[in-house]
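Student: Okay, here's what each chain looks like letter by letter:
Protein chains: 2
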Amino acid sequence: MTAPVHEIPERSGTAFVLKAGDMLTVIDPRGEQVADLLAFNARDLDEVISSGRTLDYAEMIYLTAGHQLYSNRSNVMLEIVADTVGRHDFLLTPCSVDTFRHFYPHLPVHRGCFGNLAAALEPYGVTPDRIPVAFNCFMNVPIDGETGKLRVLPPISKAGDHIQFRAAMDLVIGLTACSAPDSNGGSFKPIHYRIDSAAA
Amino acid sequence: MTAPVHEIPERSGTAFVLKAGDMLTVIDPRGEQVADLLAFNARDLDEVISSGRTLDYAEMIYLTAGHQLYSNRSNVMLEIVADTVGRHDFLLTPCSVDTFRHFYPHLPVHRGCFGNLAAALEPYGVTPDRIPVAFNCFMNVPIDGETGKLRVLPPISKAGDHIQFRAAMDLVIGLTACSAPDSNGGSFKPIHYRIDSAAA
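So the protein sequences, as listed, match chains R and G.
Each residue of the first sequence is one higher than the one before, counting from 1 in UniProt numbering.
Each residue of the second sequence is one higher than the one before, counting from 1 in UniProt numbering.
Keep in mind that a hint or two might mislead.
Lysine-lysine pairs mimicking DSS-like chemistry, simulated, CA-CA at most 27 Å apart [what the hints assert, rightly or not]:
id, chain 1, residue 1, chain 2, residue 2
1, R, K189, R, K158
2, G, K158, R, K149
3, R, K149, G, K149
4, G, K189, G, K158
5, R, K158, G, K149
By construction, these hints were calculated from the structure, which means they are not laboratory data.
In isolation and in its complexed conformation, chain R is listed as follows (with noise of 0.2 Å):
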């Protein structure tokens, strides 16, 4: 029995528990598409997936499989197993109404991937300001290693690529489908992503 894949819409977002165990992939379904991936320890919301411990640990800004996703607590929420694509973002904060106000001026205000998280996490109980630098997924920063000068490019992405994480803990996940014009190289595509249930 193959789990069914869910779709995300474009420039929209989702909330779920991920039990302990339970694997997630997150697919790119057409390419260059970015899903903004956040956790929350759903036994204790006051412990969040934390890019500072985790870019400490690991030694490194580009995540891929065998990397740990750590909390601000130290312990380790969801571990990479999977990945075909190997670029990922884990240094931006989700795209919001003010993003969207500094950077795209000339386009129509969209709450983005903040408030489309905001929205999907509050039955949950999370409230906007526990909102973190999420997981990228498929987001390409590259950095400038003499300048520290950091540029948004397409994803390298295609159609059918995915990420898939282990859950170490029972989470509550927030994904999206991203909905910032530079992020996903000029257009907006669903996410789908899939849970296979450790106890199943």
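Based on the hints, put chain G in the right spot on chain R.
Tutor: Quick look at chain G alone, frame taken from chain R:
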């Protein structure tokens, strides 16, 4: 009248209120010493310094004079108005008991900047789970743009080097003299700071 210089003893931390318009100068009196800096909106502690927002708006991981440090709500908290060093870190969380166990298993565990900040900020109502990625003054974390590998090297700051910030809102500031061997060239030194009040 020159404002007094305060000393943060080696491997310790402090917290204080910085009013809008006040200038904070963080000084490395001996050279090669890191100071982790946190900022919270003094009127609403849920608004907090955000590496992800700041790096996104700056399009740069190495921040210096002219850059602004943003909150999780996309408001400017601090502006860097002077900087004699030009190399600071805004990727990594403060060192902690857990990071000591991870990186220095052969050394006595220290509560680190995280523990020092938690203790110094507790009287202001900041709880440990609210401590995010700090702006790590003088911390030298070069990135290999090809591989994404990061290294924690000795600071390039010399005795007397400093970085100066202007507060854009009333802030609770946490500030340390960092406790981690690798971050500080292998020895622990004090940090000095000075507050030039806008009201003076």
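Student: Run through the hints listed earlier and report the numbers of any the structure violates, in increasing order.
Tutor: none
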